[in-house]
Amino acid sequence: MSDTPPDLPTLIQHCLTGDQASYAQLYEQYAAGVYRLCYSLLLHRQDAEDVTQDAFVYAFRNLSHYDAAKSAFKTWLYTIAVSRCRNQYRRKSFFTFDITQIFHFNLIAPRADSPEARMIHQDMRTLVQAALKDLSPPLREAVVLRYGHSLTYREIAEIMGCPPKTAESRVRLAHDQLRARLSSEGRGLLDELLQF
Amino acid sequence: MLTCRYTRARLTAFINQELPASTRRYVARHLDHCPACRAHYKAQKGVRQTLMIEVPRLGQPAPQTLATLWTQITADLQQPAPTVTVTATRRPMLYGIAAGAASLMLLASMALHWHAPYTALSLSQPAPLSQADETSPALLTAATQIAFVPSYEALADAYKTPEWASLSTPEASAGTVPASGTILHVTPSPASVSSR
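Chains as they are written, first to last, in my numbering: chain A, 1 to 196; chain B, 1 to 196.
Treat the hints as calculated values from the structure; they're not laboratory data. Misleading hints may appear alongside valid ones.
Capping the alpha-carbon separation at 25 Å, the derived lysine to any residue pairs in SDA-like fashion look like this [unchecked claim]:
1. Lys42/B <-> Gln129/A
2. Lys42/B <-> Ile12/A
3. Lys42/B <-> Thr126/A
4. Lys133/A <-> Ala43/B
5. Lys133/A <-> Gly46/B
6. Lys45/B <-> Arg154/A
7. Lys74/A <-> Asp76/B
8. Lys74/A <-> Met119/A
9. Lys45/B <-> Ala67/B
10. Lys42/B <-> Phe60/A
11. Lys45/B <-> Thr166/A
12. Lys45/B <-> Lys74/A
13. Lys45/B <-> Ile12/A
14. Lys133/A <-> Pro56/B
15. Lys74/A <-> Ala81/B
16. Lys74/A <-> Pro56/B
Generate coordinates for the entire structure from the input sequences, incorporating the hints supplied.
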């Protein structure tokens, strides 16, 4: 066995033969991204954990249905996660606050920042989170996939199940709404943040 | 202004460097000369920078969270995949009964409305003029008089005139009820007119 990690198609092939280590490797590669995506869309820690778990279980069980010719594995996995997030906010119909977020428990600090910068980042994160929460689900999905995961409009469109032009206009609309919200409430914070 | 609106609609794409070269040049030239649009551009750029920094940081999972999730995922994968069984419930039957009842009610109301005009005609409408003897001048005079219904006061005044006696009929004087559909000159009794 070589030390270099196998490429994705090989890894998937190994998974399909029932190799547990390959499943673990695939999970390690994508878990953080899927969790971040779920959290950014649901803005609730426990829900994000549940949906991540559900998405991975579904993806691993249906790995034989994945077609590399149709889409990238990341896009396929994100499509599953977004679909489950949609089910979740349909079930809830309104968002609940995560108390750990309100009181800033267990927040990961920005790397190598001064305490002052950390405070500003925390405040800004709370503000961004509140602004994201006010967006409609399609706009939030578009902006999170664009800025949170640096996906192209084509990939966003594939995940959201819409034409690329629609994905683009959703990002623009979300951007306009966030600007209105952040400019009115976070002007000072924004200026301070940009200094660091 | 049209140019300002055009520019602002393309600001997000301009900032994300997604515009074709010609449009990009046009927007850039406008921004050089329009302070209001330049202010918008600066705000948009600040928001983009904030989103690029803050959205990827949202929901950064702690390593132990991902480890716990992996344990749960492997446990889920050990279980047999849930099979979706379609069981016949009583609900479709209830829907069928409700739909049948609604259809019956609709049909019944349609049937009532279908017969209602004939019933009304036979009970309250006089015979059409075309079926009667249109050549009779007496009948035409009677029809004209029926079209104008006099008030009781007018009848009382008419009663006092000498022509009244020639208009009254033996049936009306005797107080008998004529057959339906016959055209009559009703002669009220002096007592009933004075009581009004």
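Structure-based check of all given hints:
no.: 1; hint: Lys42/B <-> Gln129/A; result: holds (22 Å)
no.: 2; hint: Lys42/B <-> Ile12/A; result: violated (46 Å)
no.: 3; hint: Lys42/B <-> Thr126/A; result: holds (22 Å)
no.: 4; hint: Lys133/A <-> Ala43/B; result: holds (21 Å)
no.: 5; hint: Lys133/A <-> Gly46/B; result: holds (20 Å)
no.: 6; hint: Lys45/B <-> Arg154/A; result: holds (23 Å)
no.: 7; hint: Lys74/A <-> Asp76/B; result: holds (22 Å)
no.: 8; hint: Lys74/A <-> Met119/A; result: violated (33 Å)
no.: 9; hint: Lys45/B <-> Ala67/B; result: violated (38 Å)
no.: 10; hint: Lys42/B <-> Phe60/A; result: violated (45 Å)
no.: 11; hint: Lys45/B <-> Thr166/A; result: holds (22 Å)
no.: 12; hint: Lys45/B <-> Lys74/A; result: violated (29 Å)
no.: 13; hint: Lys45/B <-> Ile12/A; result: violated (40 Å)
no.: 14; hint: Lys133/A <-> Pro56/B; result: holds (16 Å)
no.: 15; hint: Lys74/A <-> Ala81/B; result: holds (23 Å)
no.: 16; hint: Lys74/A <-> Pro56/B; result: holds (16 Å)
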